[in-house]
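Build out the structure end to end from the sequences listed, making use of the hints.
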Amino acid sequence: MRRVAIAGIGYTKIGELWERSLRDLFVEAALKAMDDAGVDKVEALYVGNMMSGSLQEQEHLGALLASHIGRPGIMATKVEAACASGGMSLHQAYLAVASGLYDMVIAGGVEKMTDKLTPDVTLSLAMADDREYVVYSGATFVGLNALIYRYYMHKFDVKQEDIASFAVYMHENACNTPYAQYRNPIKLEDILRSPFIADPIHLLECAPISDGAAALVITTLDRAKKLTDTPVEIIASSAATDYLSIHERDDILTLRATVVASKEAYGQAKLEPKDIDLLEVHDAFTILGVLALEDLGFAKKGEGYLLVREGEIARDGKIPVNTMGGLKARGHPVGATGIFQVIDATLQLRGEAGKNQISKAETALLQSTGGVGGTVVIHILKRRD
Amino acid sequence: MRPSREVGIIGYGVYIPMYRIKGEEISRIWKSSTIPVKEKSIVGPDEDSVTMAIEAAKNALKRAKIDPRDIGSIRIGTESKPYAVKPSATIIAEALGITPVSLAADLEFACKAGTEAFEASIALVGSNMVNYALAIGVDTAQGRPRDALEYTAGCGAAAYILAPKSYETIAYIEGSYSYVTDTPDFWRREGQFYPMHTGRFTGRPAYFKHIVEAAKGLMENLGLKISDFDYVVFHQPNIKFPMTAARILGFKVDQLKPGLLCGEIGNTYAASTLIGLAGILDIAKPSNRILAVSFGSGAGSDAFSIVVQDAIESKRDLAPKVLDYVKRRKYVDYALYAVYRNKIRT
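Chains as they are written, first to last, in the working numbering: chain F, 80 to 464; chain H, 40 to 385.
Don't take every hint at face value.
Said to hold, decoys possible - Subject to a maximum C-alpha distance of 27 Å in a straight line, what follows is the list of computed DSS-like cross-link-like pairs (lysine-lysine): (1) F/379 to F/342; (2) H/264 to H/291; (3) H/366 to H/324; (4) F/266 to H/70; (5) H/279 to F/195; (6) H/248 to F/92.
Treat the hints as calculated values from the structure; they're not laboratory data.
Here it is, written out as structure tokens:
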């Protein structure tokens, strides 16, 4: 296995980008990543995307987008793993380079969600769970997370504000993120006053519907060192799955795929949670942020909310989480989200995070989650000077 | 745009049906967390777009003090015609005694149809083809039960009689500017009963873009600034949108308020901007300059600069004013509203 690194990053703004198409967004991100790396040739393209089939009625994104970035002929494919599509796209790119098959590839992601009305998007997102057993019963994604949220509060006797305030930190971080969807601070009272989407989940605890694209140029560490002064090595890349639906699981308060994939990643990197300087977690809903802190080993089960309550997830806290705003405020263009997490972390590791730069940023762990943890992809990144 | 001869309003009139349903009554049924307007107007069982248009036009004729037979054109803008095929304009013309020697046509451009009728009438008078032209904006707007639009979709009509500028002119048209693009923010396809809309997409890329561009284009063409206007009226699908448009352009709330009626009568669609304009004419003083900008989904905006003349003082009391209709109200509950607005299909 060869050592693999990120040589270039490119991304669009995230938001309701009504005048941009899926391909416009991806082309912008991919070309920027190639510019950033200083390369004009890649051998393969992986595109993380979940819903182009239902939202744009467009599949075959590999060939489509390879053509539109001016590289027809290369190996190109869409990678789909629901909301973990971005993370899985990077996992595939990592394997391709590590194995020696390709030397220079793009791992990207794109989602164009505002082409359809909210009910259509909700139904498309629900494709991430079991259509026959779950979705036909009327459950939506937010509804499933509401079950987890309610049970968590009940089982561990936790107040909602200690979970909901996760979103306060996300907005605070996104205020300084130029590409974030929401750059406004919010207060805990605003969250608790916002309407319920599925009791107990308030509107301001949910990641938004977003458009956006992000791309990474992935190559060997040796090549990356020649291309850039700030290569970021991927020191672990792992993925795991769990029973797709929560009704099949023994414990709905643990995302087992996170536990399994992170254990594997810590093993690959020969690190422990205490060695991690910053986290990027999949906070599609505030409760998922709290569960991630526990399942990744930063808190005991039932105590993740304490890190939120004590402010330890802030940029100056014990373990800074989602320093550029996370899914909640930076935005959640589903198939691109896992790549945006890498962008956020890479900016920190390169020392390019602007006002949000944290003092010690050498090692970052990223959790890309599909569905309610049906798939989880973990990456650990390390700065290499 | 400016016609080759100057054109002014010699009569204006509105009609707002007396029935109201409160936002909180709709929310009682559908449990919405936000109520965009206090209440909205709805037609009674014997009313429709044609009857409301006739009432508004009668009021306009009272102020214009002309013989209806002298009207050479009637243009009605609406998206709620009682007949899909059969002109509403002819029914109105017949009822008012305008027939038979007259142009008559119905226009459709979502909520902009009213100012399209206004613009077409300016053109016909301004080109000397007719001496008097009647422009009407009217709608009995339908909102799908439970949809956000159900809170605002109201009913009302406004009528304007345009004529060459003279001492009888209430206000003259200094110029106009139209801005249109193909922007699918709201539509109703053939055979559908309720319209579709695209949520927040109806805001920035639709309403605000077109209103702001039309207003700016008009001011640039006429060499006017925000500070040259005493009053402003925008299309009002809710309270928030026109308030935000005013803020974007730099108007004060006081300049907008006399014509901002959505909170009391709802969004009267093709009549909305024209009823708002009438509300301003009801209180304006000679030489006041008004900016009126409509918006129609699909999408486009017509902007007008209108300067009030001396004749306003002697004419405005000749017919009921907007606030007379706003104050005349009778509340109905959701059940009666469902019957009056044909929400129970029998």
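Q. Which of the listed hints are broken here?
A. none
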